[in-house]
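S.K.: Residue numbers (this note's numbering), protein chains in the order written: chain A, 54 to 539; chain B, 5 to 66.
Hints listed in this document are in silico derivations from the structure and should not be mistaken for laboratory results. The C-beta atom is built at its ideal place from N, Cα and C for all residues, glycine as well. Be aware that one or more of the hints could be misleading.
Chain A side only, calculated, beta carbon under 10 angstroms to chain B, not exhaustive [unchecked claim]:
| hint | residue |
| --- | --- |
| 1 | Thr257 |
| 2 | Phe260 |
| 3 | Gly270 |
| 4 | Pro273 |
| 5 | Val297 |
| 6 | Arg311 |
| 7 | Thr315 |
| 8 | Met381 |
| 9 | Val400 |
Here are some chain B residues the structure puts well away from chain A; computed CB gaps all over 10 angstroms [as the list claims (entries may be wrong)]:
| hint | residue |
| --- | --- |
| 10 | Met5 |
| 11 | Asn15 |
| 12 | Glu16 |
| 13 | Ala19 |
| 14 | Glu20 |
| 15 | Glu47 |
| 16 | Asp56 |
| 17 | Lys61 |
| 18 | His62 |
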Amino acid sequence: MNADHKITYKGPVEYSIETALEKIEELLQQGYTISKRSIGLLLLREDTEIKELIREKEPESVPGIEAITEELKLHYTNPIEYEIALEQKDEASRILEKVMKMEDKRVTFGEKLSRLTMHPLTGLPILFLILYWGLYKFVGDFGAGTVVDFIEGTLFEEHINPVLTTFFTGLIPWKAVQDLLVGEYGMITLGLRYAVALILPIVTFFFLVFSVIEDSGYLPRLAMLIDRTFKKIGLSGRAVIPMVLGFGCATMATMVTRTLQTKRERVISTMLLALAVPCSAQLGVILALLEGRPMAMLIWAGVVGMIFLLIGFLTAMLMPGEKPSFYMEVPPLRLPKLSNVLTKTYVRVKWYFKEIMPLFIVASVFIWLGNLTRLFDVLINLLKKPVELVGLPAEASKVFLFGFFRRDYGAAGLYDISKHGALTDVQLVVACIALTLFLPCIAQFLMNVKERGWKTGLGISFFVLFIAFGVAYAVNFVLNALGVLS
Amino acid sequence: MKCSLCGFEFNEHEAEAACSGCGLVKKCDLIKCPNCSFEMAPEPDWIKKLKDRRRKKHGVIR
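Just chain A, same shape as in the assembly:
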C-alpha cells in the first residue's frame, strides 16, 4: 500500500481501530502473503476464513486477538465492520477528490426517483403502489384470477379432464387404478391440474413482476428502505435477500439465511420465513381467493404483517445479541430491458416447474395410497378438531394436510374448496391467515433442521403450529363478534 494512502483509522482516543490494529500486528508472529495490517483488519471484521487461518498457524495468538476485538467493540456504538467500511469510503472519496475533477451536473430524474424510493416518507407509499399494482392487480387479479379461470375452469375442467376421465375409465377396468389417474385426487385430475392450470400461470406472473423489479435495480433500494424497520426486529437490510427470495421458495431462502452475520439474525429470519412469508404460488392463490374483497385482503395482509413484526420484535427481545450492521452498493435505477425480464422469468419458471411437477404427481400417489389404506382419513380426522375450532368446515382439514406436503399444494386445495362456494368471507380470511402462518412444508422443515439443528427446527415448527391456529382462532372470534365481513 502506498504510504500516502495508508488510512489512519480514527475513533475514540483511548481505544481506536488504529490502536487495536497496532496491537494485533505486534501479536502476529508468522509470515503471511498479505500484510499483517490487512490480516488485522480482516480479523477485526471477524472474517471466518482468516480467523481459521490464524487458529491453524499460530493458535497462541488467538486469545489475545479475541480480547483486543472485544475491547474495541466496547468503545464503538456501531459494529466495527461498519466503522471500518465508513473510514475506507471516506478515504476513497478523499483520493478521488485529489485526482478527479467533478463537474457540477444536474440531478437526473433517475437519481431523484432513487432517493425517493429509499426515503421512509416517500419510499413506503412507492412500495405500497408496487405491491398493489404488481402483486394485487397483475398477479392476483389478472394472473391468478382471469388467466387461471380460463386455463383451470374452461380448459381443464370443461375439456381436458372430462376427455381424459372418459378415456382412462374406458381403458382401465380396475377402479383403484382409475382413481390413481383420474379420481378425486388423481395424478392427472389433481396433480397435473394443480401444477399446470393453477400454479404454473401464477408463478409465471409472479416471476414476471419479480424480474421487472430486479432488473430495474429496486431491490437494493428496498433493502435500504426497510433496514431501519428490520433493525427493530433484530435483523438488518441484509435480511431482505432471504425474505424476498422466500416469496419465491422459502426452502431455498432458509438456506440463504446462512449468509446473515449473527446466529441471532439467522434464527429470527428462519422463524419468520417459516411463519409469515408465503411462497409465490401460495401468495398468488391467496390473492386470487381474496380478489374482489378489498376488506378481506386488508385484514389478511394486516394480520400477517403484524404477526411478522410482532413475533420478530419479541424474538429479538428474548434473544439478546449483537446489533447487525448493513451497507451495500446501490446501483443506478434503470428501465427494465424486455429481453432480460423475459429471460429471467423463463429460467425461474422453468426451475420452479421442474421442481413442483414431479412432487405434485408424487403427492397424488401418496394421497391415493393414504386413501386405499385409510391413513389419509386418520390424518384428516386428527386435523378436524383444530380446523373446526377456528371456524372452518371440516373439509378444510385436507388443505392443511396438503399444505404440510407443499405450501402451494395446500393453497391450490383451498382454491378448490372456495371455488365451490363452501366458505363464507370470514372463513375465507381465517383460512388464508391460518394457511399462510401454518407449518412450513416438509422440504422447508428439513432445511430448518439442517441449518439450525433438530432442537431449533422442531421448536420453530411447534411454535408456528401454535401461532397459526391461535391467531386464526382469535381472528375468527373478533370478526364474528364485530360482525365484519358477514
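Dock chain B against the given chain A, drawing on the hints supplied.
M.R.: Here is chain B on its own, set in the frame of chain A:
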C-alpha cells in the same frame, strides 16, 4: 458476471462454490452470488445462440 442485487462481480467457479451445501444444485438453473446469496437467472444457452446468430446476420443486437 455481476450480481443484480449487491453489484458484486464474480466468476463461474465462485458461483459454484456459493451453491455448496444445496441439495438442488444439480437440477438448478439459477446462479447464486457468493457475496449476498441472491439467486439470479442466467441467460440460457439457446438464447445466447439465437442472439449470436442474429448478431452475425444483422451486426448488432438491440
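S.K.: What hints, given by number in increasing order, does this structure fail?
M.R.: Those not satisfied are hints 1, 7, 15.
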